[in-house]
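Student: Chains as they are written, first to last, in the numbering used here: chain A, 17 to 567; chain B, 17 to 567.
It is worth saying that the hints were derived from the structure and are not from the lab.
Misleading hints may appear alongside valid ones.
Pairs involving identical chains hold if they fit within one copy or between any two copies, as the list cannot separate such chains.
List time: in silico SDA-like cross-link candidates among lysine to any residue, alpha-carbon distance up to 25 Å [claimed, not checked]: (1) K567 to L19; (2) K407 to L433; (3) K429 to V310; (4) K527 to M20; (5) K256 to I137; (6) K162 to N207; (7) K419 to Y258; (8) K257 to V302; (9) K407 to R386; (10) K256 to R267; (11) K427 to G126.
2 protein chains.
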Amino acid sequence: MELMTKSPLQIARGSYQPKMPAVLKGHVVLKEGAATQSVADQEEIKQLFPNTYGMPLITFEAGEAKAHPAVNVGVILSGGQAPGGHNVISGLYDGLKALNPENKLYGFLGGPSGLVDHKYIELTGKVIDEYRNTGGFDIIGSGRTKLEETEQYEKGAEICRQLGIKAIVIIGGDDSNTNACVLAEYYKQKNYGIQVIGCPKTIDGDLKNEMIETSFGFDTACKVYSELIGNIQRDANSAKKYWHFIRLMGRSASHIALECALQSQPNMCIISEEVEAKNMTLNDIVEQIVDVIVARANAGLNFGTVLIPEGLIEFIPAMKRLIAELNDLLAHNEDFNALETDDEKRQYVKGMLSPESSQVYRDLPKGIARQLTLDRDPHGNVQVSLIETEKLLIEMAAKRLAKLKAEGKYKGKFSPLSHFFGYEGRCAIPSNFDADYTYSLGYTAAILISEGKTGYMSSVRNLTAPADQWIAGGVPITMMMNMERRNGKMKPVIQKALVRLDGAPFKYFEKHRKSWADENFSYIYPGPIQYYGPAEVCDQPSKTLLLEQGK
Amino acid sequence: MELMTKSPLQIARGSYQPKMPAVLKGHVVLKEGAATQSVADQEEIKQLFPNTYGMPLITFEAGEAKAHPAVNVGVILSGGQAPGGHNVISGLYDGLKALNPENKLYGFLGGPSGLVDHKYIELTGKVIDEYRNTGGFDIIGSGRTKLEETEQYEKGAEICRQLGIKAIVIIGGDDSNTNACVLAEYYKQKNYGIQVIGCPKTIDGDLKNEMIETSFGFDTACKVYSELIGNIQRDANSAKKYWHFIRLMGRSASHIALECALQSQPNMCIISEEVEAKNMTLNDIVEQIVDVIVARANAGLNFGTVLIPEGLIEFIPAMKRLIAELNDLLAHNEDFNALETDDEKRQYVKGMLSPESSQVYRDLPKGIARQLTLDRDPHGNVQVSLIETEKLLIEMAAKRLAKLKAEGKYKGKFSPLSHFFGYEGRCAIPSNFDADYTYSLGYTAAILISEGKTGYMSSVRNLTAPADQWIAGGVPITMMMNMERRNGKMKPVIQKALVRLDGAPFKYFEKHRKSWADENFSYIYPGPIQYYGPAEVCDQPSKTLLLEQGK
Chain A
17 MELMTKSPLQ IARGSYQPKM PAVLKGHVVL KEGAATQSVA DQEEIKQLFP NTYGMPLITF
77 EAGEAKAHPA VNVGVILSGG QAPGGHNVIS GLYDGLKALN PENKLYGFLG GPSGLVDHKY
137 IELTGKVIDE YRNTGGFDII GSGRTKLEET EQYEKGAEIC RQLGIKAIVI IGGDDSNTNA
197 CVLAEYYKQK NYGIQVIGCP KTIDGDLKNE MIETSFGFDT ACKVYSELIG NIQRDANSAK
257 KYWHFIRLMG RSASHIALEC ALQSQPNMCI ISEEVEAKNM TLNDIVEQIV DVIVARANAG
317 LNFGTVLIPE GLIEFIPAMK RLIAELNDLL AHNEDFNALE TDDEKRQYVK GMLSPESSQV
377 YRDLPKGIAR QLTLDRDPHG NVQVSLIETE KLLIEMAAKR LAKLKAEGKY KGKFSPLSHF
437 FGYEGRCAIP SNFDADYTYS LGYTAAILIS EGKTGYMSSV RNLTAPADQW IAGGVPITMM
497 MNMERRNGKM KPVIQKALVR LDGAPFKYFE KHRKSWADEN FSYIYPGPIQ YYGPAEVCDQ
557 PSKTLLLEQG K
Chain B
17 MELMTKSPLQ IARGSYQPKM PAVLKGHVVL KEGAATQSVA DQEEIKQLFP NTYGMPLITF
77 EAGEAKAHPA VNVGVILSGG QAPGGHNVIS GLYDGLKALN PENKLYGFLG GPSGLVDHKY
137 IELTGKVIDE YRNTGGFDII GSGRTKLEET EQYEKGAEIC RQLGIKAIVI IGGDDSNTNA
197 CVLAEYYKQK NYGIQVIGCP KTIDGDLKNE MIETSFGFDT ACKVYSELIG NIQRDANSAK
257 KYWHFIRLMG RSASHIALEC ALQSQPNMCI ISEEVEAKNM TLNDIVEQIV DVIVARANAG
317 LNFGTVLIPE GLIEFIPAMK RLIAELNDLL AHNEDFNALE TDDEKRQYVK GMLSPESSQV
377 YRDLPKGIAR QLTLDRDPHG NVQVSLIETE KLLIEMAAKR LAKLKAEGKY KGKFSPLSHF
437 FGYEGRCAIP SNFDADYTYS LGYTAAILIS EGKTGYMSSV RNLTAPADQW IAGGVPITMM
497 MNMERRNGKM KPVIQKALVR LDGAPFKYFE KHRKSWADEN FSYIYPGPIQ YYGPAEVCDQ
557 PSKTLLLEQG K
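Chain A with its partners taken away, still in its complex shape (with noise of 0.2 Å):
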C-alpha cells in the first residue's frame, strides 16, 4: 500500500464545480433597494455608524461587461471552524479572477490577529486548489482575537497599505461581523479606502435574519451530528436497553439540536429557548424527560434518546439567577478563597445566596454543585459551557426513576449512556448545500468590492430553490443591528438569532414531538453526507430553512 496524502474522497471533491446563481456566471449590474434601518435602536445605531448607516439592500441582476481595474484583496477566517469556510475563500479567489485576472488574494493567518500582527500569505491558484470543497480552516487558519481597538485598526490599515489591500473580508459569526461593521466605519469615516465585506459564518445557526437565510455551516454539522444520532438511535432500537443522552454543542442558540431533531425524530429534544419562555425549573425538565422514560418502560421500551442543546443551563431561568449569584458572590472573593476544604466552600455559598437560589444549589447533584462552585475561569466565571448537561440530567433522572421504582410507579430498567457531539462536525467536508453556498458567497464578496461597497455582509437567498435561482447581493451589516449589554456597557452588536417559538421548525416540532416520545418506530437514520447519487439525497438544504420557507 503506498502511502496516502489524502483519502480518495479528498481527491474526488478537488474536482467538484460548485452549482451557484445563474446571475453570477455573467455579468452583473447592481439593482440598489430603498435606504434600510437597523433592526432596532435606530437612533442610536445610526449616531455609531454615520458613514455606513442607512445603505440600500443590494442585488445583482445579469448586466454588461464592464472594466474593473485590478484590486488586491484580504482574507481573515474568525472564530470556531464551520464547514464551507475554505470555499468562501476559493469562491472569492475564483470571483475576483474573473473579474481581472491581475486581482490578487492575501489570507491573514490564525485569525484576526494576523491582520494586527501583519502574518498572512499570498492565497494563489495553487494554494487554492488544494483547499476546495474541503472541510476546515487550515488553509489560513482561525483565531478569536476580536478586532476593538483603533490601533488594531491601525495595524491593519498599516499592512494593507504595504501590500495595495483594498478590501478585507471578515468570514465570521456575529460578533466578527460586528467587528467587521465598526472596521469598515472606521476606515470609511478615515477615508483610508479599505473595503470591508462580512461573511456569515457559524454551524450554531444563530446568524441569521430576513436576508441571511442562514449561516454557513450550520448544514453540514447538523448532518454529521444528525448521521450519528440516527446511528444511535438504529442502535438502541436493536440493543432495546439503553437511554442516550446526546448533549450538542451550539453555543446559546437551540437551532442545532432542532435541526438534528427534525432530521431524526429522537424521542425528546430539549429546546432552551421553550425552557425560558415557560420560566422551566431544572427540576421541570427532568420531571418531562422521567414521563417519557415511564411511558415508554410501561410500553416495554426501555430505551430512547433525548437531545440536549449545549447552552440550556443558562436558558433555565432559575439556574441563570444562581449562576449569575454566583458569579458575583465568588469573584475576588477572598473568605471564599481562605476556605480550605470543599465542603466548607459549599456550606459558605449556601449561606450566602438568596432563599431561592441557595434551594436549587442544593437540589443539584453533587458534582454539578462541585462545578458550579470551584471549576472557575480567570475572571472568577462558571464556566458553563463545560458542564456536562447530558451527565447532569441523567443523575437527576436515575434518582426520580429510583424513587417512582420505591413506590411501584416505574418497573422498567434505566442504563443511561451519555454523548457530546461538537468537534466531529464544525470541520467536516462541507455539504453539497454548503459547498455551493459558501463558494457563492465569496463570488458575491468579490463582485461587492469590485462595486466599491463597505460595511456590507454577503448575501445569497432564496436558498431552498434550486442554486441557479439563488439571489445573490449584499446586505448594510448595520441594517442586523440593534444595542446589547456586554460587560456592562451598552455596544452596537448584531442581534443573535434564538429558536422562534412562533416560528415553523419549532411548530412542526411541537406537532409531533408526542408521537416521536411514544411511539417505536417514529426514528429517522439520516446516513452520512453523500456528495453523489439522487438529488434528493445529497442536494437538501436544512429542515429549518425549508419549513421556515414553508416548504
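Since the structure of chain A is provided, determine the placement of chain B on it from the hints.
Tutor: Same frame as chain A, but now just chain B:
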C-alpha cells in the same frame, strides 16, 4: 414539509443490489478439500466434536441445475450490533428463494433467547424489503443469551420441529459461533436433522483467520470512526490548540484502533498488543505520549490526536495483575464491605495488595483508583470497559507535563479534549463493502444449508478483489478452535484474533508512526462513507485487509 418515515438515503439504499461472487449467480456444485484439523489442541477438540470435527473445506464452483427440496430455516442475530446484519438475512432469504421458492425463513427474536423461548416471526419478502442495505439488528433484535445448556438445545429443537425448521443460521462473534458449533454437534449427535451454520459478525475484527478474512461490520464501523477522527483532526489542525484523546470501541483487540490509524494517520495510536509484548507500564505509555506532545510543542504545534483502544487497560501487564488481585481480594470480602468510607477502603486495599500492585495502585489518579476499588459488577469484578482510559491518560499526561514545565523542559500549552466512539458505528448503514460481503455470506449460508452441511461457517474470501471474483464456500467451525480457560474450566472456543505485531498492518503503522507524530500535514481526512460515485471512493475494503493481502 411532510412527516418523514425514512430519510432520503434510507429510501435510496433500498434499491441497491449488492454485488456478489460470480459463482453465486448461477447453479453451484460443492468442491470439497482435504480433511481439516483445529488450529490447536487437536485431540481434545476432536473428542469434544466427534461428529463435526475434521470436515473438509468447501468451495463453490459453477454447476448444473438440480432440484432442492423445500426447507424452512431459522436465523438468529447474536451479541452486539454490526453493520450488515440485515444484509446477511436478506442474502439468506434471496438465496433460499432462488433454490426453491417454497423455502421459508423464520427469524428468532431478541437473539438466541428467541430460539429457547420460542419467540419468532416469519421473514417474508415484504419484511425483508424494508431492511435491505440498512444498518442495525432491529429486524428481529439481538441478545446476549449464551446457548450452552442441553435444556436450551432441546427447547430449540422443539420449536424447530414445530415450524419444520431444518437449519439455523447464527450470526455472531467468536463466542456465538463457538456455541453454534456446539449446537451443531449436539443436533448431529442426536440425529435431529437440524443443521447449524455460523456467520462471522463483529465490528471488533477479532474473528478472522486464514479462511475468514474479516468479520462483517468492521469495515463500516472503522469508516464511521475514521470519518469522525478525520473531522477532529481537521479541527485540531485549524484551531491549533487542542489535543484530542479518542478512545475507540473494540473490546480486547486493537484492530479498530489500528485500522482507524491507517485511515486517518493520527499523531499517535496505542496498540494494546504491543503494550503487552513490550511489558509496558501505564507510566511508560504516558511517557510515550508526553514525548510526542513535547516534541510537537517544540515545533510550535500544541495540538494533536491520540487513538486509544478500549481494551488497553487489560493489556498493561502490571494493571492486569492489579485488576486480577483486586478481583480476588474484593469478591465477597466482608471485611472490605464493612468499611465505611472510601478512604478506609483505599487504605485497606493498599495494605492487602502485593508490593508491586500496591505501587501501581498508589500511582493511579484518584478517580481511577476509586473506580477500580468501588465500581464493581454484580460478580464483584472490575468493570474494565467503563474505565475512561482517555481521561486517565489525559490526567497523567497533564501531571507529567506540569512537572516538565516546572523543570523548564516543556514550554507548550496542553489543552486536552476527550472522546469515545462506539455506539456511533455499530448500526451505521453498511458500506458497499459490508453490504456486498454480508449479502454474499447470507446467500452462501443458504447454499450450505441446501447441501445438508452443518457445523460450518459461511465463508466469502478473496475480498480485496472485485466482488465477482470473491470465493464462496464453507469452513468447518472446529477448524478455528482451541482449548482455553474460561471461568476456571478448559473449554473449546474459537481462537480470538489479536493484532499480530508481525502482520503487515502493524508493520505499516510501525514504519510510519514516527513521521505521523512529528509532521504537521500527515493527517488524512477520510470523510463520510459514500455509496454512490467513483469506485475508488465507494468500494474500498479496509486498509487492514488490503495490507494483509499484500496490497
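Student: State for each hint whether it applies.
Tutor: Outcome of the hint check:
Within a single copy, K567 and L19 get their C-alpha atoms only as close as 47 Å, which misses the 25 Å cut-off; across copies the closest is 12 Å, which meets it. For the homomeric pair K407 and L433, the shortest alpha-carbon distances inside one copy (9 Å) and between copies (17 Å) are both at most 25 Å. Taking CA atoms no more than 25 Å apart as the test, K429 paired with V310 passes inside one copy only; the shortest distance there is 10 Å, against 46 Å between copies. For the identical chains of this complex, K527 and M20 are inter-copy neighbours only, at 14 Å across copies versus 49 Å inside a copy, given an alpha-carbon limit of 25 Å.
Proximity of K256 and I137 under a CA criterion of 25 Å is satisfied inter-copy only: 18 Å between copies versus 54 Å inside one chain copy. Taking the shortest alpha-carbon separations for K162 and N207, only the intra-copy value of 22 Å comes in at or below 25 Å, while the best inter-copy value is 80 Å. Taking the closest pair of Cα atoms, K419 and Y258 come within 25 Å of each other only inside a single copy of the chain (20 Å); across copies the shortest separation is 41 Å, beyond that limit. When the C-alpha separation of K257 and V302 is checked against a cutoff of 25 Å, the pair qualifies only within one copy, where the shortest distance is 20 Å, while the shortest distance between copies is 35 Å.
Proximity of K407 and R386 under a CA criterion of 25 Å is satisfied in both settings, with 14 Å inside one chain copy and 19 Å between copies. In this assembly of identical chains, K256 and R267 lie within 25 Å of each other by CA distance solely across copies; the values are 20 Å between and 31 Å within a copy. In this homomeric assembly, K427 and G126 come within 25 Å of each other (Cα to Cα) only across copies, at 20 Å, whereas the closest approach inside a single copy is 55 Å.
Comparing the model with each earlier hint shows no violations; every hint is respected.
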